[in-house]
Amino acid sequence: MTALFRSLSPTERLLFSFSFLLHLLAFFFATGYQHGDEHFQILEFTAYKLGLCSFDSLAWEFPEQMRSGLMPFIAFVVSKSVTFFSATWEPFIVSDILRGLSLILGFISLFALKKIGDALGISGQRSLLLNFLLCFLWFLPFLHARYSSENYSGIFMIYALYFFFCRNQKTPRSEFLFLVVSGLFWGLAFECRFQTGFAAFAFFAWALLLGKFRLKILLPVFVGGIMMVLMALLIDRWLYGNWAFPAYNYLYQVSFATDSMFGKNPWYDYLPLALNWFGYSIAALVALFSFDACLRNYRNPLVWIFTFFILIHCLLAHKEIRFLFPVFYLIPVILAMSLPDSFYSAKAAFWQDALKKSVLAFCIVLFGAKSLLTSACYASPDVNAFRTIKSLASANKSITVYCPYDIGYVMAHYYEFRFFKTAHITVKYYHTEEGLNQTPFKARSTFVLQWNDFTSVDKNPNLKKIYDSFTPLQESLLFRGSSWNRDRYRIFCQN
Numbered sequence: 001m002t003a004l005f006r007s008l009s010p011t012e013r014l015l016f017s018f019s020f021l022l023h024l025l026a027f028f029f030a031t032g033y034q035h036g037d038e039h040f041q042i043l044e045f046t047a048y049k050l051g052l053c054s055f056d057s058l059a060w061e062f063p064e065q066m067r068s069g070l071m072p073f074i075a076f077v078v079s080k081s082v083t084f085f086s087a088t089w090e091p092f093i094v095s096d097i098l099r100g101l102s103l104i105l106g107f108i109s110l111f112a113l114k115k116i117g118d119a120l121g122i123s124g125q126r127s128l129l130l131n132f133l134l135c136f137l138w139f140l141p142f143l144h145a146r147y148s149s150e151n152y153s154g155i156f157m158i159y160a161l162y163f164f165f166c167r168n169q170k171t172p173r174s175e176f177l178f179l180v181v182s183g184l185f186w187g188l189a190f191e192c193r194f195q196t197g198f199a200a201f202a203f204f205a206w207a208l209l210l211g212k213f214r215l216k217i218l219l220p221v222f223v224g225g226i227m228m229v230l231m232a233l234l235i236d237r238w239l240y241g242n243w244a245f246p247a248y249n250y251l252y253q254v255s256f257a258t259d260s261m262f263g264k265n266p267w268y269d270y271l272p273l274a275l276n277w278f279g280y281s282i283a284a285l286v287a288l289f290s291f292d293a294c295l296r297n298y299r300n301p302l303v304w305i306f307t308f309f310i311l312i313h314c315l316l317a318h319k320e321i322r323f324l325f326p327v328f329y330l331i332p333v334i335l336a337m338s339l340p341d342s343f344y345s346a347k348a349a350f351w352q353d354a355l356k357k358s359v360l361a362f363c364i365v366l367f368g369a370k371s372l373l374t375s376a377c378y379a380s381p382d383v384n385a386f387r388t389i390k391s392l393a394s395a396n397k398s399i400t401v402y403c404p405y406d407i408g409y410v411m412a413h414y415y416e417f418r419f420f421k422t423a424h425i426t427v428k429y430y431h432t433e434e435g436l437n438q439t440p441f442k443a444r445s446t447f448v449l450q451w452n453d454f455t456s457v458d459k460n461p462n463l464k465k466i467y468d469s470f471t472p473l474q475e476s477l478l479f480r481g482s483s484w485n486r487d488r489y490r491i492f493c494q495n
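In my numbering, the protein residues as written are 1 to 495.
Quick caveat, the hints were computed from the structure, so don't treat them as lab data.
Treat the hints with care, since some could be wrong.
Quick list of simulated restraints, FRET-style, between CB atoms [said to hold, decoys possible]:
| id | residue 1 | residue 2 | range |
| --- | --- | --- | --- |
| 1 | Asn460 | Tyr240 | 46 to 54 Å |
| 2 | Gly100 | Lys397 | 24 to 32 Å |
| 3 | Pro172 | Val82 | 41 to 49 Å |
| 4 | Gly124 | Phe18 | 15 to 23 Å |
| 5 | Ala119 | Lys428 | 55 to 63 Å |
| 6 | Ala119 | Arg237 | 34 to 42 Å |
| 7 | Phe28 | Lys428 | 29 to 37 Å |
| 8 | Arg13 | Ser57 | 45 to 53 Å |
| 9 | Leu271 | Ser57 | 33 to 41 Å |
Ideal placement from N, C-alpha and C gives every residue a C-beta, glycine not left out.
Build the full structure now, drawing on both the sequences and the hints.
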C-alpha cells in the first residue's frame, strides 16, 4: 500500500490523507454498533464458544442455524490471541482490535475502488471526482468502523472485483491466480452476508451477456467461490457442533418464516429509509446523480450489481437500510460516472465554470463537515458505557450498578451483553425513578446507569454525573436532532 500511495499525485495524497484522518477519528470515536445484530449475532455467538454464556441466552438465529460462523470465528481467534497475552479477559481490547481490522481493510478498499474505476475507464476529471468521493463521502469511515456482516461483505466484494478487473494478464498462470482469488473473495463476501449472492449473480450475468467473457475466464472465479463456501462449512460445524448449511436455513427463514415476526414494508420503502439515513441534503444529490449514472452507464458491471441488488431487496418483505450497505461502497464509482461529458469540458462558458466551482465548493463543505461529525460521534453509546463501568470495578473491588429495567430494544439489559460481562459487578434494576431516588447508596461502590435524556435523577442532590455519552457538540441545539443522538447513557455515583 505504501508503493501505491507514493504513486498518487500530490492532490490525491492530500485527499487520501484526509480520509485516513477520518478513519482514525472513526476508530476512536465512532464506537459501538450501528445495529444490535453486530453484537448479538457475532460477538454473543463468540461469547458462547468462549464459554461466557449458555445456549439459551443466544439470539433466535443461533438455534435456527441461519448465520455463518465466519465472523464469530474471526472474533474467537482474536479473543484467544488476546487472552494468550493477558492474564484476564479483556473484551474491549478484542472489540477494538476487530474494529481496527475492519478500518484497515476498509481503507485499503478505497485504493481498490480507485483501481477498479481506472480499469473501467474513469479518467481525467472524472478520476479526480472519484478520488474526492472516495475520501469525502461521510458514510465510508463510519461503516468501515463496524465489525459487521454488511461491512465485511461489501469490502470483500470490492476485493473480488479488484482481482477480476485488475488481474495480471501478462502470463496465464498469474491471471489464473487472480481469478481464483477473486472467487475466494466472492465466497467470503457471500459468507459474511448471504444476500451478496444477488450481487454475485448480477456480476456473472453481466460477464456472460455483456462482458462476453469466455468460460475459461469465469470458471476459476466460480471455482474459487465454491471452494470458500465449502471451507466455510467446516467453520459452521465448529460454531453449531453439527453439519449445517446456514445459507439454506437463512433463505427458508426469510422466504417463509419471518414475515409475521418483522412485518412487511412497501416495495418503495428504501427510498425514505435512504433519505433519512444519508441526510436529506446529501441523499438528494446522491439519489439524483446515481440515477443519472445508472441510465447513462447501463452496460457497466457495477451498475448491474448496484441496481439488481437494490431491486431484489425492494421485493423482499422486511426492509432495513443496513441491508443495502454492501453496495453502498460502489456509490463513489457510480457517481463518478454521472453527469455528461460537457460538464467536464474546459471550454465551458464563464457562468458554467463558476457554477461548477460553486457546486464543488458546496459539496466539499457539506461532505467534509458531515464526514467529520459522523466520524467523531458514536454509532451507539452502549459499549463506551460498559467500558466506563468496567473501569470502575477491579479485581479487588466489587460494585453495584442500578439500571432502568426498560432500557430500550438494542441494549435490553446489561446482563444480556455476555461478551462484555465483567466480574465483580452486580446489576440491579429499578422500575421507577421515584423508587431509585429513595434507595440508599454506598459511596464509591454504587452507581446508576441512566438511559436517555434528563430526568429526575439529574436533580437528585445525592448523585453526581461522572460519565455522559453525549459530547459537548451533541449537546448543542444545532445537532440535537441528528440521528446518531438517538440514545444517551449517563453514569452517576454517590455525591
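We went through each hint and held it up to the structure:
no., hint, in the structure
1, Asn460 / Tyr240: 46 to 54 Å, "48 Å, holds"
2, Gly100 / Lys397: 24 to 32 Å, "30 Å, holds"
3, Pro172 / Val82: 41 to 49 Å, "43 Å, holds"
4, Gly124 / Phe18: 15 to 23 Å, "22 Å, holds"
5, Ala119 / Lys428: 55 to 63 Å, "59 Å, holds"
6, Ala119 / Arg237: 34 to 42 Å, "38 Å, holds"
7, Phe28 / Lys428: 29 to 37 Å, "32 Å, holds"
8, Arg13 / Ser57: 45 to 53 Å, "49 Å, holds"
9, Leu271 / Ser57: 33 to 41 Å, "38 Å, holds"
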